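Line order of the protein sequences matches chains A and B.
If you count the first sequence from 1, you need to add 33 to reach this note's numbering.
If you count the second sequence from 1, you need to add 24 to reach this note's numbering.
Honestly, the hints are just simulated from the structure, not real lab data.
You may find that some hints are simply not true.
Stated by the list, open to error - From the structure, some residues in chain B lie toward chain A, with a derived Cβ separation under 8 Å:
1) SER96
2) ARG118
3) PRO120
4) ARG175
5) GLY299
6) GLY364
7) LYS456
8) ARG491
As the list claims (entries may be wrong) - The following label-pair restraints were derived from C-beta to C-beta distances:
9) B:ASN475 to A:GLY341: 53 to 61 Å
10) A:MET82 to B:ARG221: 49 to 57 Å
11) A:ARG350 to B:ASP335: 51 to 59 Å
12) A:MET34 to B:LYS479: 33 to 41 Å
Bear in mind that the values here come from a model prediction, so they are computed numbers and not experimental data.
We treat Cβ as the ideally placed atom computed from N, Cα and C, and that holds for glycine.
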Amino acid sequence: MPFIPHTEADVGEMLAAIGVEDIEGLFDEIAPGLRCGELSGVPAGLPEMEVTRLMESRAADEGRPLCFLGAGAYPHHIPQAVWQLVTRGEFYSAYTPYQAEASQGTLQVTYEFQSMIAGLTGMEVANASLYDGGSALAEAVLMAVRGNRKSRSKRVLMPRAVHPHYRACTEAIVRNQGLELVEVPFDADTGVTPAKAVAEAAGDEAVAAVVVPQPNFFGRLEDAAALTKQAHEIGAQVIAVVNPTSLALLEPPGEWGGEGADIVVGEGQPLGVPMSAGGPFFGFLCTRRNLARQMPGRVVGRTRDTEGRVGYVMTLRAREQDIRRSKATSNICTNQGLVVTAATIYMALMGPEGLDRVAKHCHANARALRDALAAIDGVQAAWDGPCFHEFVLRLDGVGAADVLGRLAGEHILGGLALEPYYPELGNALLVCATELHDEERRQRFADAMKNALAAA
Amino acid sequence: MPKLIFDEARTGRTNGAQLPPPAPEADDIPQSLRRGERPHWPEVSELQVVRHYTRLSQLNFSIDTHVYPLGSCTMKHNPRACNALAMLPGFLERHPLAPPEAGQGFLHCMHELQEILAEVTGMKGVSLAPAAGAQGELAGVTMIRAYHDARGDTGRGEILVPDAAHGTNPASAAMAGYRAREIPTDDDGDVDLDALREAVGPQTAGIMLTNPSTLGVFERHIKEIADIVHEAGGLLYYDGANLNAILGKVRPGDMGFDVIHLNLHKTFSTPHGGGGPGAGPVGVAEELLPYLPIPMVDQEGDRYVWRTESDCPHSIGRLTAFAGNAGVLLRAYVYIRMLGREGMVRVGEYSTLNSNYMMARLREAGFELAYPARRASHEFIVTLKKEHDRHGVSAMDFAKRLLDYGFHSPTMYFPLLVPECLLIEPTETESKEDIDALVEAFVAVRDEAANEPEKLRTAPHTLPLTRLDEVRAARDLHLRWSPADSSVREDTETA
Chain A
34 MPFIPHTEAD VGEMLAAIGV EDIEGLFDEI APGLRCGELS GVPAGLPEME VTRLMESRAA
94 DEGRPLCFLG AGAYPHHIPQ AVWQLVTRGE FYSAYTPYQA EASQGTLQVT YEFQSMIAGL
154 TGMEVANASL YDGGSALAEA VLMAVRGNRK SRSKRVLMPR AVHPHYRACT EAIVRNQGLE
214 LVEVPFDADT GVTPAKAVAE AAGDEAVAAV VVPQPNFFGR LEDAAALTKQ AHEIGAQVIA
274 VVNPTSLALL EPPGEWGGEG ADIVVGEGQP LGVPMSAGGP FFGFLCTRRN LARQMPGRVV
334 GRTRDTEGRV GYVMTLRARE QDIRRSKATS NICTNQGLVV TAATIYMALM GPEGLDRVAK
394 HCHANARALR DALAAIDGVQ AAWDGPCFHE FVLRLDGVGA ADVLGRLAGE HILGGLALEP
454 YYPELGNALL VCATELHDEE RRQRFADAMK NALAAA
Chain B
25 MPKLIFDEAR TGRTNGAQLP PPAPEADDIP QSLRRGERPH WPEVSELQVV RHYTRLSQLN
85 FSIDTHVYPL GSCTMKHNPR ACNALAMLPG FLERHPLAPP EAGQGFLHCM HELQEILAEV
145 TGMKGVSLAP AAGAQGELAG VTMIRAYHDA RGDTGRGEIL VPDAAHGTNP ASAAMAGYRA
205 REIPTDDDGD VDLDALREAV GPQTAGIMLT NPSTLGVFER HIKEIADIVH EAGGLLYYDG
265 ANLNAILGKV RPGDMGFDVI HLNLHKTFST PHGGGGPGAG PVGVAEELLP YLPIPMVDQE
325 GDRYVWRTES DCPHSIGRLT AFAGNAGVLL RAYVYIRMLG REGMVRVGEY STLNSNYMMA
385 RLREAGFELA YPARRASHEF IVTLKKEHDR HGVSAMDFAK RLLDYGFHSP TMYFPLLVPE
445 CLLIEPTETE SKEDIDALVE AFVAVRDEAA NEPEKLRTAP HTLPLTRLDE VRAARDLHLR
505 WSPADSSVRE DTETA
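In isolation and in its complexed conformation, chain A is listed as follows (with noise of 0.2 Å):
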């Protein structure tokens, strides 16, 4: 039987030892009504072989694209002893550490993650992690609510640049809170928030928090000083969502205007965890120390064991669902602890230097993808100005969607059409570039560009 080591001699003397006659016997509490027939909806099991072969067929139908898609989900070059040291069984298979003792691999890792997200934000204190970035905002949403005890104030300012999935993930999250989201347009001449668009979307009532992306959502540098200190002048904490990768490049949240932000959030995918279809990914959130009680989700801590030796066990666990109850800081219950043993080691392999190289690279690739693209004739750069590994093209006549088809046909996924999300930038597309995007790969991408556009 598959996965069941039982023998029939086996099944006999146990059901010997229980007293009752077959397996059945052991459901004679259950209403007979309430029995389900045979799953005929449900196929009949396979061997592993079969299934090896189904699988097979099904992977190679996604036919690997050439991949300018980035819109929060990035591919990057993962090294092998990442995914080879995470499928071990024993951070495979076991569970969240409730045998602190019994479980110090996994609790190392967790700290030694918290030590380095918090070293690369720039914050004092981090989670072990959330489901993805996207629920991860809006879990820091509810947390500068719930830690805003000067205003009471249940607003909050959101950026239009933020990712839109983000946003409508916010929205389906905290909905049923009684918070209000306030959007904050962004300047169409140049594709940022101006700090003077968060003063007037606040107007005269009290803000619990504003949010900064940066890089934004078109993949531009927001001026996030400037949003950090317009934000605290008017009493409102700051709620940064980053891209990890980029942050070898740009200043912390933590030193954000000097002052800093308050909560930074974002997806921790770029850090050696496939795009594997959109998930399981992680969403990391750091604070400052005087905020770690109102954090969200599992923490782990530094400890000594009875003879005084250094142990790391799960902490400030009264905030958590299975004591606090209804009035837990929230209902999650796990971590994305296997994802986030992938980046541990993923930062482990890389160092600063890697990181900064990979985000330079990126940078670079990015520029000149841009440069190459907008030389195509009925192609321009939406804006000038820096950005970080993803940009936004207009298309003159053609339409994006009809652009992207014909680069699919050319297993090229070109970049995200914009109008759907955005209808007032028109015929707009997002496009990335990672350190996998060489020259070889941007003129596959350009050429091909080139002939669809020919070709409508």
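With chain A held as given, fit chain B onto it using these hints.
Just chain B now, with coordinates in the frame of chain A:
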């Protein structure tokens, strides 16, 4: 204990082969936006990394190395094919926003998974979007609210939750803007029907139940509960944490549940991963179909497509930026295809057999059961109140001593209403001889409790560390390494 990776580092050490070559300066980024000091990350070689994390892994108990009878968590074997086949390059390289035309394989798997999960739970439709059980709960309760709101029935502010429920239930209800009201359990472990009748009313939005319950027994009055709550205008929410016990035997939809979530890392054997990622698909009855979270996968002729905002205007929306924990969903799909319909029934049967067998053996050995008159589901509860009163050892002491015998401990102190309890779930993938060995360890520890109770109170004795001070961790918060730590040798090495 290994040092922290930071303390193994040497300034200037890099991994030439894994890193890209030196890169051009990002000179167009204004200085005001640039980073000053580099992050304090370790500078270590690949060999150091491999050794460090291999050694750390060896400090974990895991299903692969130990019997792990952690109640309510279903720590069953994670078949290797599930991981290997979900990690084929075609799947790993798929971008979450890739259009359906770019590749149909992933969507094809997801569509079949939706259909199969709907079939095994008896629900009309399933969305795979929630990233974990708790997110599935939030989605489910939010759908209950959307359903009432759409009917203009806006006065229902209360969700009923049995006192034995998982903490996520009341926490999820609160996140969806509801008050959680507790319903007591009767002496046999069923919901107290009189208390329920008294509690329901026009303020009742619904009830959240696990069946079999967290007490390790099947809720026998489920039909009456469904009728009472439905007659009051409320809906029934099924927490799928314990579906393993009844898989292929009873379906939540047939019990009268309107909304459910599943924990794929429990019933469908996806890895627990040291605490995640999970996956918490939700299923609903017909009336709630419009509210399912997006994205979902649909079939149009012979092709598979995403269903998003424009197709599902009444959806409660997105719960993560993309499609939930897609790679976890693929692992569950592979598991389900290997099990098949006949394998699913056996999951329910053999997990229940193992649990009842172990319960019978422990009863025979003199352990006190929380519900001795009941059949066990896939798990059961032992109370150590007697041992606690006689020998001054707690369930925690007992659990820590079990670690010395090479067994992960059962769940301790949950459910909260049984004193000094251990919730034990052997799962169907453990053999009789492993269960026998676990029973022998229980007996040995119980004997020690009588003769050498100190041995339990100071356990564990055979692991790299003795008992850790959780109070100290919460009092002197130390949540990260910083460069100053490494200058204090005593902080990072054995004191």
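Now the hints, each set against the structure:
{"no.": "1", "hint": "SER96", "result": "violated (10 Å)"}
{"no.": "2", "hint": "ARG118", "result": "holds (4 Å)"}
{"no.": "3", "hint": "PRO120", "result": "holds (3 Å)"}
{"no.": "4", "hint": "ARG175", "result": "violated (17 Å)"}
{"no.": "5", "hint": "GLY299", "result": "holds (4 Å)"}
{"no.": "6", "hint": "GLY364", "result": "holds (3 Å)"}
{"no.": "7", "hint": "LYS456", "result": "holds (4 Å)"}
{"no.": "8", "hint": "ARG491", "result": "holds (5 Å)"}
{"no.": "9", "hint": "B:ASN475 to A:GLY341: 53 to 61 Å", "result": "violated (29 Å)"}
{"no.": "10", "hint": "A:MET82 to B:ARG221: 49 to 57 Å", "result": "holds (55 Å)"}
{"no.": "11", "hint": "A:ARG350 to B:ASP335: 51 to 59 Å", "result": "violated (42 Å)"}
{"no.": "12", "hint": "A:MET34 to B:LYS479: 33 to 41 Å", "result": "holds (40 Å)"}
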